[in-house]
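J.: So the sequences go chain by chain: A and B.
Using the working numbering, read the first sequence as starting at 1 and increasing by one per residue.
Using the working numbering, read the second sequence as starting at 1 and increasing by one per residue.
Keep in mind the hints are simulated off the structure, nothing from the lab.
Quick caveat, the model's predicted, so the values are computed rather than measured.
Be aware that a few hints might be false.
Subject to a maximum C-alpha distance of 25 Å in a straight line, what follows is the list of computed SDA-like cross-link-like pairs (lysine to any residue) [stated by the list, open to error]:
{"id": "1", "chain 1": "B", "residue 1": "Lys275", "chain 2": "B", "residue 2": "Gly500"}
{"id": "2", "chain 1": "B", "residue 1": "Lys218", "chain 2": "B", "residue 2": "Gly239"}
{"id": "3", "chain 1": "B", "residue 1": "Lys182", "chain 2": "B", "residue 2": "Ser31"}
{"id": "4", "chain 1": "B", "residue 1": "Lys69", "chain 2": "A", "residue 2": "Phe355"}
{"id": "5", "chain 1": "A", "residue 1": "Lys357", "chain 2": "B", "residue 2": "Pro174"}
{"id": "6", "chain 1": "A", "residue 1": "Lys350", "chain 2": "B", "residue 2": "Gly9"}
{"id": "7", "chain 1": "B", "residue 1": "Lys8", "chain 2": "A", "residue 2": "Asp353"}
{"id": "8", "chain 1": "B", "residue 1": "Lys108", "chain 2": "B", "residue 2": "Asp141"}
{"id": "9", "chain 1": "A", "residue 1": "Lys233", "chain 2": "B", "residue 2": "Met181"}
{"id": "10", "chain 1": "B", "residue 1": "Lys252", "chain 2": "B", "residue 2": "Lys236"}
{"id": "11", "chain 1": "B", "residue 1": "Lys116", "chain 2": "B", "residue 2": "Thr77"}
{"id": "12", "chain 1": "A", "residue 1": "Lys242", "chain 2": "B", "residue 2": "Asp134"}
{"id": "13", "chain 1": "A", "residue 1": "Lys244", "chain 2": "B", "residue 2": "Asp179"}
{"id": "14", "chain 1": "A", "residue 1": "Lys242", "chain 2": "B", "residue 2": "Glu324"}
{"id": "15", "chain 1": "B", "residue 1": "Lys127", "chain 2": "B", "residue 2": "Ile63"}
{"id": "16", "chain 1": "A", "residue 1": "Lys242", "chain 2": "B", "residue 2": "Thr323"}
{"id": "17", "chain 1": "A", "residue 1": "Lys244", "chain 2": "B", "residue 2": "Gly268"}
{"id": "18", "chain 1": "A", "residue 1": "Lys242", "chain 2": "B", "residue 2": "Ser443"}
{"id": "19", "chain 1": "A", "residue 1": "Lys233", "chain 2": "B", "residue 2": "Ser404"}
{"id": "20", "chain 1": "B", "residue 1": "Lys368", "chain 2": "A", "residue 2": "Phe231"}
{"id": "21", "chain 1": "A", "residue 1": "Lys357", "chain 2": "B", "residue 2": "Gly59"}
{"id": "22", "chain 1": "A", "residue 1": "Lys233", "chain 2": "B", "residue 2": "Lys249"}
{"id": "23", "chain 1": "B", "residue 1": "Lys120", "chain 2": "B", "residue 2": "Gly103"}
{"id": "24", "chain 1": "B", "residue 1": "Lys249", "chain 2": "B", "residue 2": "Ser443"}
{"id": "25", "chain 1": "A", "residue 1": "Lys244", "chain 2": "B", "residue 2": "Pro326"}
Reference excerpt, derived from the structure (chain B facing chain A, CB under 10 Å, subset only) [what the hints assert, rightly or not]:
{"id": "26", "residue": "Cys126"}
{"id": "27", "residue": "Gly319"}
{"id": "28", "residue": "Lys328"}
{"id": "29", "residue": "Tyr362"}
{"id": "30", "residue": "Ala367"}
Footprint (simulated), chain B over chain A, 3 or more residues, beta carbon under 8 Å [stated by the list, open to error]:
{"id": "31", "segment": "157 to 168"}
{"id": "32", "segment": "285 to 291"}
Every residue gets a Cβ at the ideal spot worked out from N, C-alpha and C, and that includes glycine.
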Amino acid sequence: MISLKEKRWIPFLAVILGLVAGTLIVILSGRSPLIMFATFIKAGTGIDLLKGGTFNPRLVGEFLVTTMPILMGGLSISFAYRTGLFNIGAEGQIIAGGVAAIGAGFFIPIDNQFIHSTICVLAGCLAGALWGLIPGLLKARFNVHEVVVGIMLNYTAMYSANWLYKQMPLNQMTRTENVPVSATLNVDFLRQLTNNSRLHLGFIHVIIALFLFWLIIEKTSFGYQLRATGFNKEGARFAGIKVKRNLVYSLMIAGAFAGLGGALLTLGTYGYGRVITAFDNVGFDGISVALVGGCTMLGNLFAGLLFGLMKVAQPALQIASIPKEIGDIISSLIVLLVALQYAIVLYRNKIRDWFKKARGQK
Amino acid sequence: METVIEMKGITKQFPGILANDSIDLEVTKGSIHALLGENGAGKSTLMSILFGLIQPDSGNIKINGQEVKITDPNVATRLGIGMVHQHFKLVHNFTVTQNIILGAEPCKQFGIVDLKQGTKKIRELCKSFHLEVDPEALIEDISVGQQQRTEILKMLYREAEILVFDEPTAVLTPQEVEDLMKILRSLAASGKTVVLITHKLKEIKAVADVVTILRRGKVEGTYKVSEINEKEMAAKMVGRQVQFAAHKKAQKAGDTILQVENLTVLDGRGIERVKGISFDLHKGEILGIAGIDGNGQDELVYAITGLLPVKSGRILLNGEDITELPVKNRFEAGLGHVPSDRHRHGLILDFLLKENFIIHAYNSDFAKHGLLDEATINQKADQLIEEFDVRASLGRQTITRNMSGGNQQKAIVAREIDRSPELLIIVQPTRGLDVGAIEYIHSRILEQRENQKAILLVSFELDEILALCDRILVMANGEISGEKKASQTDEKQLGLLMLGHKSGETYDQP
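Put together the whole structure using the sequences plus the hints.
T.: In C-alpha cells:
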C-alpha cells in the first residue's frame, strides 16, 4: 500500500524526474538545456531571460488560454473518477459543449454580452451533461462499460458536430462564421492588458468550476455519496446509497465540466466553430491532468497549468531550434512515472534498504 | 527427542510495527505444536518466514539441525515444509488428483502426465493417513473438509515432514473439526511434525502437545498443554484475565418485531437459495441462524435488508410490510445491519473513520443545506470512539484501512448500535477477531438484548450461537432444518441439523 503522504509527493518527484529526463534528451540531441528551461519560463511567465528579462504579457495570456480547456478536461475526468468511473468520453463531451455553445451564439439573438455569453456557456454545459448522460444511463441500466460507450460517443460527437457546424453560417468549408461578439467571451480590456493575446473571460468560469468541483466532492453530502460509491460500490450499496443513480449523476456532472471546456474553446479561444477531422485531444490531455493531479481540485489546477505549459511552449521551443516534441516527451514521462507510482515506491525502498545495509557494514 | 525446527532471534520490522521481536521457537519431531496469539501477535509473520514468504531482518533458522536460508517457498518445499493456508489454493474444476500433482506431475515418456500413477500414490497416502477423499472427484463437488484434506494430501504427496496449518478450523463444521483433529493426531503418530496456528483454546487443549503463546511480537512462553488450562492460556495471550462465558440474563421476549413469511429468494444467478422460510423475532430476543457457510444465510439476510429482491413471501417489520422497500428506507424504518464481510460491505476502507460513522445519515443528521456538517460529524465520531473503545492511531482522522480488524469491527458495531435500531441483523460479528475483541462485542450485543431490541445473529461459530442466542434456527440447503432453544441443545445436535438431518433425529442423547 502507498500511504497518503507518499501519494502527495510522487507527482512532484515525477515532474522533477520528467524534467531531468527531458534535459538529458536535449543534451543528447546536442542542444542547450538552458535554452529549454528559459523557453519554459518565457512561455509560462512572459519573462524572456535570454533577452535580458524583457516581459511580454501576451505569452501569459496565451498560456492561460491553452491551459483552461485542458484543466476543464482534467476536472471532468477527476469528477467521474472519484465516483469510480473512467470518463474517457470527455473528448466527445467537449465537442458537444462546443457546438451547443456556438449554436446558441448564432440562434439566440441577445445583444447583452454578459447575458448572451452566459447562456451560450450554459448551453455548452448542458450539452456536455447530456452527452455524459448516455453512457451513464447505459451503465446504470444495462451495465455497459462507460469506456466503450464513451469512445464510440467521441466519434459520434465529432461527426455530428461537423454536420451541425455545416448547417450554421459557414465561412469556409472548415469553419463557421465568427459568432456574434455578444456570444463570445472576448473583451477588449483583457486583450489590451495582455498585448493582444486571446485571453478571454473564461478564466472566471474556470475558477467557478474549480470551486464547484471542490465544494461538491469534498463538502456536500451528495459528494460524500459519490466518494463512497467510488471507493467501494458494494459497501455503498450495503449502506443504502443509490449507487446506480449516482453513477448517472456523476457522469452528467463530469460531462458538464467537459462541456464548459468545449464552450471556452469555441466561444473564447476561437470565436467560431471548427469542422475537425481529428480530435483536439483536450479530453485525453485531461486524463493526464487528472492522473498527475490525483483527482483533487488543487492537484488539477497545478497539473493543468503544467500540461498547458508543455503544450504552449512547443512553438517557442521550435523557434529556439529545440525539437518541440520535447514538451510531449516530458509530459508523457511525467504521466508514466505517476502511473508507475508503485514501482517508484518499491525502488525508493530498495535504495533505502541498500543504504541501510551499506551503513550497517561499515 | 529430536528438534526439527529451531528458530532463533527472529526479528521482523514492518513500517510502524515490530511484528516479530527476537522470537525463539523450538519444535520437536513428531509433536503437534500450537502457536497461539491474538490478531497481530506475529503468528502469521513467523510462519511466513518459515515458509519463505517473508525474509526476517535478523535471526536464523535450523531445520533438522542444519542452518538454512529460506529465500522462497520452493526452498521451504525442498526442506520438507508444507503449509495449509486458511484460504485453500485449489483449482475448482480440476479433480483432487489433478490438484495434488499440479506442479509435481508424474510423467510418462514425452512428458505425458501419468494420472493413473498419481491417483495410485494418492490412494496409498489416503489409506496410510486415514484421509477420506475420492481422488477422482472434482473440487467443486466436495465439501470444505474434503478440500482441506486435499490440501493436506498435497503436502504429503510432496513428502513434507513439517506441516503448518493456518487457522484450519475456521471454515469447518463441528464434525469436520473432529475429523481434522483425528487426522492431525495420525499425522503426528506417523512421525510428521505439525504446527498449528490458531486462537481457539479448545482445539489446542484437544490436540496439541506443546503451545507457544505470542503476544505483541514476543514469545510469552512455551508450555506443555497438559500443564496449562484454557483460562491461563487466554490470560497469557491477551495479557489480562478474560471473561469466558458471556453473561446472559434471563428475560422474557416481548412483542414481535420481525415476521418472515414463506420467503423464497433467488441469488444473482437465478438459483433458489432460500426456500419458503418463515419465522418470527421478538423484542429482547436473540435469534441465531446456524448453518454451514453457503446454505442460504447470506441470501436470507440480503432479502431482509433489501439487497436482493424477494421472489415470493413477505417481510414485516413492526407489522409494516417492507418487502418492496429500498435499502435506505428499511434502515430508516428501524433496521441495522452488521454485514459478514466488513471490508467489502461494512466499511468504505479508504474513508476516514469519521466518514464511515455517518454512512447512514450523511444527508440528514450530519448535513445542513446539503453541506456536510463537520462539527457534528467530529463530535459524533469522538463520542463513538470513546464509547466503544475504537482504537485508531489518528483518532477520527484515521484512514479506516489502516486500522486493525477488531477495531474496524468495533467501528461498524458502534455505528449500528448507536442508531439504536429495533432490529439488528448481525452476521459473523467476530470472524477473525481475538478473545479480547470477541468478549467486548458479545457484551455489546447482549446489552442490546437487555434494551429490548430484537437481534438476528447469523454465525458459523456454534460456540457463539450457543452463548448468545435464546432461540436457534438451523439452515441447511435453503430450508430450516430445525429450531431449538439454546438452553436445550448442544453443538453435536446442531452439527447434525446443519448437515440437513431434520430435527437431529439420528442423534442419541448420551
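J.: Which of the listed hints are not met by the structure?
T.: Hints 5, 8, 9, 10, 12, 13, 15, 18, 22, 26, 27, 31, 32 not satisfied by this model.
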